[in-house]
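Let the hints inform the model, and build the full structure from the sequences given.
Here is what each chain is made of, one letter per residue.
Protein chains: 2
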Amino acid sequence: MRLVLATIVFAFLSQCFTHPCRADDPLPSWHDGPTKTAIVRFIERVTDEDSPNFVPEAERIATFDNDGCLWSEKPIYFQLVFAIDRVKELAPEHPEWKTRQPFKAVLEDDHEALAKSGMQGIAELVMATHTNMTTDEFAKTVESWLKTTRHPRFDRPYQELVFRPMLELLEYLRANGFKTYIVSGGGIEFLRVFAEEVYGIPPEQIIGSSIKTEFELRDGKPVIVRLPETDFINDKEGKPVGIHRHIGRRPIAAFGNSDGDLQMLQWTAAGAGPRFCLLVHHTDADREWAYDRDSHVGRLDKALDAANKNGWTIVDMKRDWKTIYPKPSGYAPY
Amino acid sequence: MRLVLATIVFAFLSQCFTHPCRADDPLPSWHDGPTKTAIVRFIERVTDEDSPNFVPEAERIATFDNDGCLWSEKPIYFQLVFAIDRVKELAPEHPEWKTRQPFKAVLEDDHEALAKSGMQGIAELVMATHTNMTTDEFAKTVESWLKTTRHPRFDRPYQELVFRPMLELLEYLRANGFKTYIVSGGGIEFLRVFAEEVYGIPPEQIIGSSIKTEFELRDGKPVIVRLPETDFINDKEGKPVGIHRHIGRRPIAAFGNSDGDLQMLQWTAAGAGPRFCLLVHHTDADREWAYDRDSHVGRLDKALDAANKNGWTIVDMKRDWKTIYPKPSGYAPY
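Order-wise, the sequence lines are chains R and F.
1 is the number of the first residue of the first sequence in our numbering; add one for each residue after it.
1001 is the number of the first residue of the second sequence in our numbering; add one for each residue after it.
Some hints here could point you the wrong way.
[Said to hold, decoys possible] A few chain R residues that don't get close to chain F, going by computed Cβ distances all over 12 Å:
| # | residue |
| --- | --- |
| 1 | D25 |
| 2 | F42 |
| 3 | G121 |
| 4 | E196 |
| 5 | S210 |
| 6 | T213 |
| 7 | P222 |
| 8 | P228 |
| 9 | D231 |
| 10 | I247 |
| 11 | A290 |
[Said to hold, decoys possible] Pairs of lysine-lysine, DSS-like flavour, derived with a Cα cap of 25 Å:
| # | chain 1 | residue 1 | chain 2 | residue 2 |
| --- | --- | --- | --- | --- |
| 12 | F | K1309 | R | K221 |
| 13 | R | K212 | R | K236 |
| 14 | F | K1074 | F | K1322 |
| 15 | F | K1318 | F | K1074 |
| 16 | F | K1221 | R | K236 |
| 17 | F | K1309 | F | K1221 |
| 18 | F | K1221 | F | K1074 |
| 19 | R | K116 | R | K140 |
| 20 | R | K104 | R | K116 |
| 21 | F | K1116 | F | K1104 |
| 22 | F | K1327 | F | K1309 |
| 23 | R | K302 | F | K1221 |
| 24 | R | K221 | F | K1236 |
| 25 | F | K1116 | F | K1088 |
| 26 | R | K116 | R | K236 |
| 27 | F | K1147 | F | K1088 |
| 28 | R | K309 | F | K1221 |
| 29 | R | K140 | R | K236 |
| 30 | R | K74 | R | K116 |
| 31 | R | K318 | R | K74 |
| 32 | F | K1140 | F | K1116 |
| 33 | R | K221 | F | K1302 |
| 34 | R | K236 | F | K1212 |
| 35 | F | K1236 | R | K212 |
| 36 | F | K1212 | R | K212 |
| 37 | R | K74 | R | K88 |
| 38 | F | K1088 | F | K1074 |
Rather than coming from a laboratory, the hints here were simulated on the basis of the structure.
Note that CB positions come from ideal geometry on N, CA and C, so glycine has one too.
Structure (structure tokens):
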């Protein structure tokens, strides 16, 4: 018994010596200051049964954007890297891609031509690489890609480029009876492959863009097949619609980082009772990236104005976060 | 303290005198027999950590059809009664309905003409009565209808025509770490109005048919508007698709009562590891209704053959259920 106690005390003390912390601090990677205080005060208010702002546990819904909010999104969305890698892998089966845009641009690493192809081009890449297979086959492809691919700047797997302060925030919310959801413009089935292990968020709490699927019996075995047709774009005006479709209840807290999250934050803020809206502002070019109004990926312009006007909380990444990413050994499931 | 204890003992004993029960019986409304035994054995197997059939809690997903499985569906689906009542209520604003089918049939209580209008007619009634309003407005309309309407045969609110044995089963599953879902051909937003209070199933665990919706700012206030356009039919082949869309994980147990549930049961049964599939067979014309292969509402034909072939569990309502409905005072939230 004494040995056990000594071990616990030693573990705790050594943790506090490596980076100073308070034992009761649920957000150790966040600097003390107004941002952290705003988060903690909100959670204390809605969980205090004696507070007029108390919210029953069933209604404690918190929604998080993914790209740029829970993990990085530069130089391009990680799911787009996946699509590009898949095009290169599948190219031998598609000789016609050598002369057809946007595939030609991908195969020749012609970033300018790829950028020119715009959203239409990206949609074509996604349809060509994400569909005409069963849902199980798609999940396996994503899983294997995540295992073997590394981010060019940080030389670590993409799922290790998640934000440690946000992981703490997710955990802190759940410890206080919140149900945490991802509400992403990214593909719902792409996210579901890693979200449970990386974020602790189960598949049924992922909301994302989707393509149509179809139930089929293949040799008597039921499968769900991914069709090359868009079903739903879970971005901008689509986010409140996706939230309502999946949850059927308005969130009381929402977290984003770009104009794609504006409507989710508006929808959340407009509910009755206490509300919390937060934007992650990328201000740290040294440790991550610095961008906002002029960025092609994750543009933060209208939503920044709305946050200032409505008093939403804004994370200044450089000022508010002690660390950005977990230690490389930390959260890598693969 | 003694008084408290005496009260508890008295409450327990009087319960056992009114209908004999065992203190540890999680399914007191079910007669002992092979059906009950099959349910209990399955739950014991998947929750026993020492069993080779143990299933981690996160994967204990159970899906339930609603109409005819959790509540009655005769003489017609209760949501169709709601649509008919709404047509009559809105008729003064729509003089054209007097001469236009299927509205004319509804207003003249012409059941034959209404039946003739078929699924297309029902869809028209639903579009005319369920759309062109905000999601909040729709929920209020359903709530008020449930409060004021009674079933013609049993003279009680529709939400008191839920099956008591199934309520016990839902509770039993949840007490064993299952997440319980409704997977219904009925409207997702219709179900969400009462499912939490009646079944203990929160809005985010309801999967149903849906119409398209749209996010809008009305005088600066965000609303979600219901459009007169079908989004998804969550029936037959649609059920596994709806399950995959919302849950992203295959159920290990599925409960239905008609051919509309066949694909959900096939999808569930085809997963690896222990699986449980059950059909409620309506065999009790005295206490509820008796119907199967020839019924227009809730036809049970192909699914019954599949159940017999695959050894799925079949509830014989007359033989297996001690009581059908809760006491009138019991589960009525309104």
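> Among the hints numbered above, which are violated by the structure, and what are their numbers in rising order?
Replying inline: 4, 5, 6, 7, 9, 10, 17, 18, 19, 22, 29, 32
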